[in-house]
Structure formats: structure tokens, C-alpha cells
Amino acid sequence: MSEKRLSLSPARFLSARRRHRSAGLVVLLFGLLAVGSAYAAFAPDNAVADNSAQSQQIEEGKKLFAVGCSSCHGLNAEGGGNGEGKMAGPSLIGVGAAAVDFQVGTGRMPAMQTGAQVPRKTPAYTQAEIEALAAYVASLAPGPAVPAQESYDISKATDEQVTRGGELFRTNCTACHNFAGRGGALPNGKYAPSLMNVDPKHIYEAMLTGPQQMPVFSDQVMQPEDKRDIIAYLHALQEQKDPGGFGLGRLGPVSEGLWGWLVGIGVLVCVAVWIGAKGVKAKGAKASE
Amino acid sequence: MSDEKLPVVKADEGHGAVEVAEPIADPGIEPHEYRITDIDPKAADRVERQVSAMFTLAGVLALGSCVAYFAIPRDSVFEFGPLSGNANNMAIGLCIGLALFLIGAGAIQWAKKLMVDEEISEDRHPAHSSPEQIQDITEAFKQGAAESGFGRRTLIRRGLFTGLGLLGLPAVVLLRDLGPLPGRTLYHTIWAKGIRVVNDVTARPIKPADMIVGQLVNAIPANLPPLQEESAVEYQNARAKAAVIVVRIRPTEIRTKPGRENWGIDGILCYSKICTHVGCPISLYEQTTHHVLCPCHQSTFDLADSAKVVFGPAARPLPQLPLAVDSEGYLVAQSDFTEPVGPSFFERG
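Listed in order, the protein sequences are those of chains A and R. Just so we're aligned, residue 1 is where the first sequence starts under this note's numbering, counting upward by one. Just so we're aligned, residue 1 is where the second sequence starts under this note's numbering, counting upward by one.
No lab work stands behind these hints: they were computed from the structure. Any given hint might turn out to be false.
Unchecked claim - To be clear about the criterion: a stretch of chain A counts as covered by chain R if any three or more of its residues have a C-beta under 8 Å from a C-beta of chain R, and this derived list gives those stretches: (1) 91-100; (2) 123-132; (3) 270-280.
As the list claims (entries may be wrong) - Only part of the chain A face toward chain R is listed, based on derived beta-carbon distances under 10 Å: (4) V35; (5) N188; (6) D219; (7) Q223; (8) P224; (9) E239; (10) P243; (11) K283.
Even glycine gets a Cβ: it sits at the ideal position worked out from N, Cα and C.
Full structure from sequences and hints, please.
Written out as C-alpha cells, the structure reads:
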């Protein structure tokens, strides 16, 4: 029974069907819809107010991303090619806010050129802009968030924690970063950077996200207190003075040996030559005796 | 080679006198030139005073180092621009160092300025003895041999040879202390079926979900930490062989070796941490290339390709530890390593 074929007025149509077996269901649906709409229109909507600041930040981040990042990472952060079939920038979907905060906060991104490794430099964005970019990238897919300040707060670190951090550091980090955190060489022009004078937050984020060729040390395996202890140990290393004043890069026997062999023995050879040289002679004179 | 240009030695003059056919005439010793201290007594006296002052000052500094030892507190620190250090140590070192330097400098000044410096020359002598001496010694030796009866009394000779020969034996037997031989210990580690893979240092067990792609974990078997209380030597020996690295690689990037299909869990692979070249522990891992590098001799292993050697002197891939998950969801070993870990050895080739 099609309703379109009936040429009744709406009122008479409804009246005629009021005893239809699905009339009750239709009335119920109408009622629910009306109440729902009314609630949406008149209820004080806190949720929307809360979200608007965040969505505004995401929107702002998206604009910054389109200008500063999309040429390599793609307009939607899906990763991009350089036109020669090589990857210019990896996909950023799922890397999380922590990766953005590390890469942009240490000035590594935006990169000046592609190469073996993107170096650390002065950040190009303000903290607010970095947060906006991080919020945008984090909105694309879930990923590690920027760590809370207390998780890398080392102001109350005890000697015991520093010692434990040293053990963890020597087990997990020294293979690349050197036992004094001074960094080291990797193949094909890559390198592990020095960890001196790095913001504790950025050290934490590097472990969390594994930037460039660095492996990841997730919070479930390398737990936040482990990471904090490592940072406390690095801070203690940085504060430690070099006895005598010359650290020689704290590279150990290589730089010390180079110094000893070239400079130390070199000076000794020069002195020996000087000792063996003839002194001033009184030309043509005769001994007084 | 012709003998024309060689020195001609007259047979009857064994000692010293050598007649040399020289292509260039011997210019002789150059005329001696005197120093200022040789001709001016005042200059000589001045140098004498200098040398004696240096020696005296060295003595004063030696005393000064003793004073510094007692006077400067052990824990005091000095700061001088970029230089800093223990003040006590530095003062003692400086005093003794300067004292030694002054004794040396004084001695050199003495030798260069005051001691006689006239050049002299001495001819070389032939290295061999004169025929008469050779003959004398040969005769004395033969006479001694005859008088001792060494050639005639064979019993004594044999006894002496036996005694001397057997004296060499203790030197060989003592080499046994280099052992005992390792036996089968090189072929197995403390890994076994069901042993949990735990974090090194913290000894926390690992769930597969805790590891994300690109992760590196430096791990040990769960039965290693308790060994530390039993015996430090056993613990170190076990640790040296059982240390492993666990990585998670995107499964599509892994080339699995036939027979190892169920050794990993969703791209989580576990390899021995001990380099197969000379046994350095390696954990220099690049997550972008899946390469792990040995810092000692740059051997490089591709963990996504069964730890194949891609560079360097290592001869064998890193042994892989087959992984499984236990009833509580933690990573465990399926068994011990299926081959010996670490460097090659004789029996293994």
C-alpha cells in the first residue's frame, strides 16, 4: 500500500492511520528525535567548548604542516617521493606527538637537505608552533605522546638512581653514543650524536620514538623510571669535570694515544735534537788555559 | 761482486791496522773550535753558578713536595681557568716533576758548557779473533774434553743426557694449568625451553605487545640473575655466552631462512649478542637498515636476513634463538641456541 497514491491531506492521512500497527513505533521515534534535537540545541555543551581549542590547534598545525613539511612528507603526512622514485620524507601517520616534538624541537626538522643524517640545529619554530604541529600529527593516528614533565624530572634523582641509570646506559646506549655520551660514528656518513647539553625531554623522546637510525626503547620495556635514571646519569656525566682540564673528547685511549704519540713524543724528539746540537762557539779563539 | 773496493786486510796484522783503498781521501777531524766558557773564565763561573742553582732548587722542590703532602688537605680542589683537579695531588706532582726537570736541565747545561768537548776518533777493529787465539782455544777445548773422559765414559754421558732431557718435561706438564679443556661447554648456554627473555639490568620479562617496530632490547635469560648469588665466576661465564639482543622488524621486511619460520613472533627476532669473529658484545643496531655492527672490527650483520654477515671479518651469522610465548604471554626461548655462540674454535672450524 503506497502512501504516494493517496491524495489525502496530511492531517487526514495521519488521522486515518492512527490505528495502524506501526503507528506507536513512529510516534516513539518522533518523540526521541524531538527530545534529542531539543537537548542538542539548548543543553550547555561543555564538550564542544573543550574541543574547540584543541581542534583550533590541530587546524593551525595543519596549516603550518602544509607550508613547512608537506613538500617532503606529503600534503596529508602520508610520506612523499622526490620525483626520482626515492623517498623524500617518511609517512608521519602514527609517529605521535613525541616524534614531532623531538624532531622539530631539536631543529632537525625541517631538514635543510636530504643526506646521510639530518643534524641538530637551532629550532625554526616556536614552542607554540611545535605544539600545534605535534597536535596535528597526533590527530592523524595514535602514537607516543609528549612525555609529562615529571617523567623526566631529574631534580630529585638520588645517587642510587644515577648509578642504576649508568648501568642501563652502559648496557643499552654506549654501543653507539660512547661510554661518556659523547657520540660516535656509524656507517655511511651517519653518526650517533653527542648527548651533552640535550634537553632531558628530548632525550626521553628520542628513546621513546627512535629517530632516524636509532632503535626504539618503548615505555613498556624501558619503563619511564628507567629512562629518568638514564637521563639523571647523563646529567651527572655532563656535570663531571675533566681532571686536569683536558677531556680530549673523553674518547679514551684513541685520543689520548694520539696526543701522547704525536705531541708528547714529538716534543721529546725536538728536545733531544736541541740537546745534541752544538752550542755557541768562539770562532778562532784559543783556550785560556 | 768484485773485491777491489772492499778494505784489504793484511793477514799478518790481525789487530787494528787496516789498509783501506778509499775512493775519497779521509778529511780527518775538523779543527776544534772553543766555546765561550773555554776562553772566558767569568762565563765558565757563571755557568757553574747556574748549574749549582738548578741542582739546589731541585732539592728545595723535593722538600716542597713533602711539605705539600702534609700541608695541603687531601680533598682540596684547585680551579685555574679550564684546569681543575685535586690540589694536593697537583702540588706534589708539580714539585717532583720540576725537581726532576731541573736536575736534568742542570746536567745538560754542565755537559754542554763546562765538560771537555774535544772530538776524538777510534778506529774499528775486525770482529773475529786472531788465528793464534783461535788455535789456543781449540787446543784447550780438545784437551779438556780428553781429560774429562766425556767421549770415553759413555755411562756418564748417557746419564747426563737423560737427566737434562727429562728436565724439559716439567715445562711441558705445567702447560696443563692453562686448561682444563672446555669440553662441551662451548656448545651450549644456559638458555633452555621455556626460559623467559628478560631485560638486562632490570630483569623484567617482555610481552610481544610491549615491543614496537624498530625496538631493540638488550636481554638475558631469566635464570641468569640468580646465578650471581651462587658463584661470580659461573655467573660471568654464563653471561658471556647467553647475552642476546631482541629486535622487532616489520614482518614484510624479513627474509626467513627455511626451517626458522616459527622462530620469531610477529617480526620479533632474538639473536646472540656475541660477535662470531672474536666475541665482542654487539648492540650497535640501526633500525632503518636492520644492521647490527660490531665496534671492534666492523663486522656487520643483517638481522632481517638471519643475521647474515654483510661486511667485516666475521665468518658466520649470529646464532638465532628460537622464540615462543608462554601461558602468561611473556617471551620465552623454544630451546637453547642450535649452534655454538661466539667465535669459531678448532673443533668447529
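Against the structure, the hints:
As drawn, the stretch 91-100 of chain A meets chain R at 0 residues by the rule of a beta-carbon pair under 8 Å; below three, the given contact is violated. Coverage of the stretch 123-132 of chain A by chain R is violated in this model, with 0 residues showing a Cβ closer than 8 Å to a Cβ of that chain against a need of three. Only residues whose C-beta sits within less than 8 Å of a C-beta in chain R count toward coverage, and the stretch 270-280 of chain A has 3 of them, enough to reach three; the restraint holds. For A:V35, the suggested interface contact is broken, since its CB lies about 43 Å from the closest CB of chain R, more than 10 Å.
Interface restraint check: A:N188 against chain R, minimum CB-CB distance 9 Å, threshold 10 Å, status holds. For A:D219, the suggested interface contact is upheld, since its CB lies about 9 Å from the closest CB of chain R, less than 10 Å. A least Cβ separation of about 8 Å between A:Q223 and chain R falls short of the 10 Å threshold, and the interface hint therefore holds. Taken as an interface hint, A:P224 does not check out: its beta carbon lies about 12 Å from the nearest beta carbon of chain R, beyond 10 Å.
Interface hint at A:E239: violated, since its Cβ lies 13 Å from the closest Cβ of chain R, which is beyond the 10 Å cut-off. The closest approach between the C-beta of A:P243 and any C-beta of chain R is roughly 5 Å, which is under the 10 Å cut-off, so the hint is satisfied. Interface restraint check: A:K283 against chain R, minimum CB-CB distance 7 Å, threshold 10 Å, status holds.
Comparing the model with each earlier hint shows violations of hints 1, 2, 4, 8, 9; every other hint is respected.
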